[in-house]
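Asker: Next come the chains, spelled out residue by residue.
Number of protein chains: 2
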Amino acid sequence: MVVSTEKMDGIVSMSRADLTAEVEPGVITGELKRRASEMGLFYPPDPASSEFSSIGGNISENAGGLRAIKYGSTSNYVLGLEVVLPTGAILWLGRHTHKGVVGYSLKDLFIGSEGTLGIITRAVLRLIPMPRTTSVLLVTYSDASASASAVKGILGTGILPSALEFMDRASLSAVSAYRGTEVFGEKAGSALLIEVDGTEEETGKAIEKIRAACREGAVSMEVSHGPEAEGLWSARRAISPALAKIRPFKLNEDVVVPLSKLPELVSGVDRIAGEMDLRYANFGHAGDGNIHVNLLYDEKDGGEHERALRAVDMVFDLVIRLGGTISGEHGVGITKLAYITKELSPAAHELMRGIKRLVDPNNIMNPGKAL
Amino acid sequence: MVVSTEKMDGIVSMSRADLTAEVEPGVITGELKRRASEMGLFYPPDPASSEFSSIGGNISENAGGLRAIKYGSTSNYVLGLEVVLPTGAILWLGRHTHKGVVGYSLKDLFIGSEGTLGIITRAVLRLIPMPRTTSVLLVTYSDASASASAVKGILGTGILPSALEFMDRASLSAVSAYRGTEVFGEKAGSALLIEVDGTEEETGKAIEKIRAACREGAVSMEVSHGPEAEGLWSARRAISPALAKIRPFKLNEDVVVPLSKLPELVSGVDRIAGEMDLRYANFGHAGDGNIHVNLLYDEKDGGEHERALRAVDMVFDLVIRLGGTISGEHGVGITKLAYITKELSPAAHELMRGIKRLVDPNNIMNPGKAL
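Heads up: the sequence lines are chains A and B, in that order. Residues in the first sequence are numbered from 260 upward in steps of one, following this note's numbering. Residues in the second sequence are numbered from 260 upward in steps of one, following this note's numbering.
Next up, chain A with everything else stripped away, as it sits in the complex (with noise of 0.2 Å):
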């Protein structure tokens, strides 16, 4: 079955037969999932973001988001893409098939170059069978260090959650207020939210043992399914717009650490928060060693802004040293440009560039930005 709909949303076509999708790049994205969803189909990345941004913005960012543990970023869902580069020329890269290695992977290039080397306008999505049936499992803790210690045991039992979220106290209290209401208990000093997928026989057995592997020092645990766990997920997405609740204000960075190195940054984070005097709130995706920390301030204070300014470079400096990156997948954009050479070698940022000036000589696509 291909479904044609080009004169409706930018969907171009779905087909079941071939597992693929053929999308414009201002689909939005949950909308696409729910358009696979309907005919059997999984499109699995799954930005928190999902119900405002579009297939063209996770593709240039290579989002992420709350499956990437088990599925990985939007990069393994892009077959083929259609570009426009500075030039006027219209590339074709990559293909409609779901493997292929002719030529050089300039897809991949371009997916994740934040439009600075040209503009996607068409994008060919690999699609997969819709698992049967996901259960999710709400741990809390009494606190931050004891979820991040629970992700190495969770990982250990073989078992590959299709979600493994992380929430600080003050992600969870920023959600209740949020909310009006007691979302995750009152008791929650950190909480993990695990997901798994796949028949109904299997979820079941699953999130019993990953039960067991929480049970150390959890204050609670529960299973939910359908729009219970819906609404637990739909608490999480909103943590974000929430933590305005605490301070007007956060800088919310994206970073990854090796998966054994979460204890650290979590602690790391809250004794630079301390020295800094800040109020700060910490989640994602645990699963994938990505957690947002958020530095909050108001920008009224001065004093304020600056020592969130001084954190964020803190904090970024801990995440090198612990051998990981200062953005996972929201991008460099303007406000980290300041801190990529943390992180990139003068050789590999210089190749950068050289690639940058050979695709966009006059620098007009989105300049000053990524590099």
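Worth flagging that the hints you see were computed from the coordinates, not collected in a lab. Yeah, the Cβ is synthetic: ideal placement off N, Cα and C, and Gly gets one too. Heads up, some of the hints might be wrong.
Just so you have them, the derived chain B footprint on chain A, three or more residues with Cβ under 8 Å [unchecked claim]: (1) 322-336; (2) 345-359; (3) 367-375; (4) 382-389; (5) 512-522; (6) 605-612.
In silico lysine to aspartate or glutamate, EDC-like type, Cα no more than 16 Å apart, as pairs [to be verified]: (7) A:468 / B:460; (8) A:468 / B:459; (9) B:464 / A:460; (10) A:464 / B:460; (11) A:464 / B:459.
Covered stretches of chain A, as calculated for chain B (at least 3 residues, CB under 8 Å) [said to hold, decoys possible]: (12) 270-282; (13) 417-431; (14) 454-461; (15) 546-554; (16) 576-588.
Given the coordinates of chain A, work out where chain B should sit on it, guided by the hints.
Answerer: Just chain B now, with coordinates in the frame of chain A:
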């Protein structure tokens, strides 16, 4: 647990906590897979050559193999690369973490570049937990088109098999002749070898569903596990060397078409081989739409060799017409160089050449290959 074994075999480290391995390029893929499995970990890429191909080679070709249908090709498991450029500069590309988007994804430019940009000297790979168990279903049909048509029904079950391999009559009889025993049953005119992985409950139910989807027109269906299943995989891996039992030489192509076009590919190759009076064997990764089309000939018979070369050209034209690619996982090298402009647009090809000139202006890295 981090195992450090640098002295032994090129596996620098392997970490269950981080779900990563750091390796030198000479590590044999099968050895890495075994070492990971001893720690309960899984390195999914599984080229049929895994017992003698190396990780460095797999990365340079972006090798796919038997498990790509579910797990993707090598590129999905490369987190970071150390490469030496023609200038002698040593570059670190990518990262040690499971995600990261700082700078252009230059590691993906080097993956599949066939040694034309630099020399890979180190790789950081992503591992996942080892699936609990696998079940294998061997289904035979009277002819190739029945197998090719069954693929759609299998993928329509909503189950994503961990392998979905196709073998035509010539492939089956070559293996039987090579092994001196009828491996796949006397009546088999083609076969599908389907593996599912997961928990025992899951794989049992999944195999039953797939069996139901395969039933129509099947000559035989048999489920196997453990050593018996291993025997089938070993026979499958033996096809390529076994083809010398039919004719001493082969042109082994590696084409991919959209999944729905598999039946047209199979019937088209049969027609072309008939016109050119050639024997041939088709086998490969049907679940990816990736078929190894082997055109068989004897070099002593100049006319036959000539006809085989003409048939390759016709097969490639067919593949492009079906929306496919002329190489899914083996790369271009020298032998496909004359054909890549059938697939690459002049603008894309020129950009690739521009990048080659930028990185290797003196053209000293594997000159004359790939582009």
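Asker: Look at each hint and say if it fits the structure.
Answerer: Evaluation of the provided hints:
| no. | hint | in the structure |
| --- | --- | --- |
| 1 | 322-336 | holds (count 7) |
| 2 | 345-359 | holds (count 11) |
| 3 | 367-375 | holds (count 5) |
| 4 | 382-389 | holds (count 3) |
| 5 | 512-522 | holds (count 5) |
| 6 | 605-612 | holds (count 5) |
| 7 | A:468 / B:460 | holds (14 Å) |
| 8 | A:468 / B:459 | holds (14 Å) |
| 9 | B:464 / A:460 | holds (9 Å) |
| 10 | A:464 / B:460 | holds (9 Å) |
| 11 | A:464 / B:459 | holds (11 Å) |
| 12 | 270-282 | holds (count 6) |
| 13 | 417-431 | holds (count 3) |
| 14 | 454-461 | holds (count 4) |
| 15 | 546-554 | holds (count 3) |
| 16 | 576-588 | holds (count 7) |
Of the numbered hints stated above, none is contradicted by the structure.
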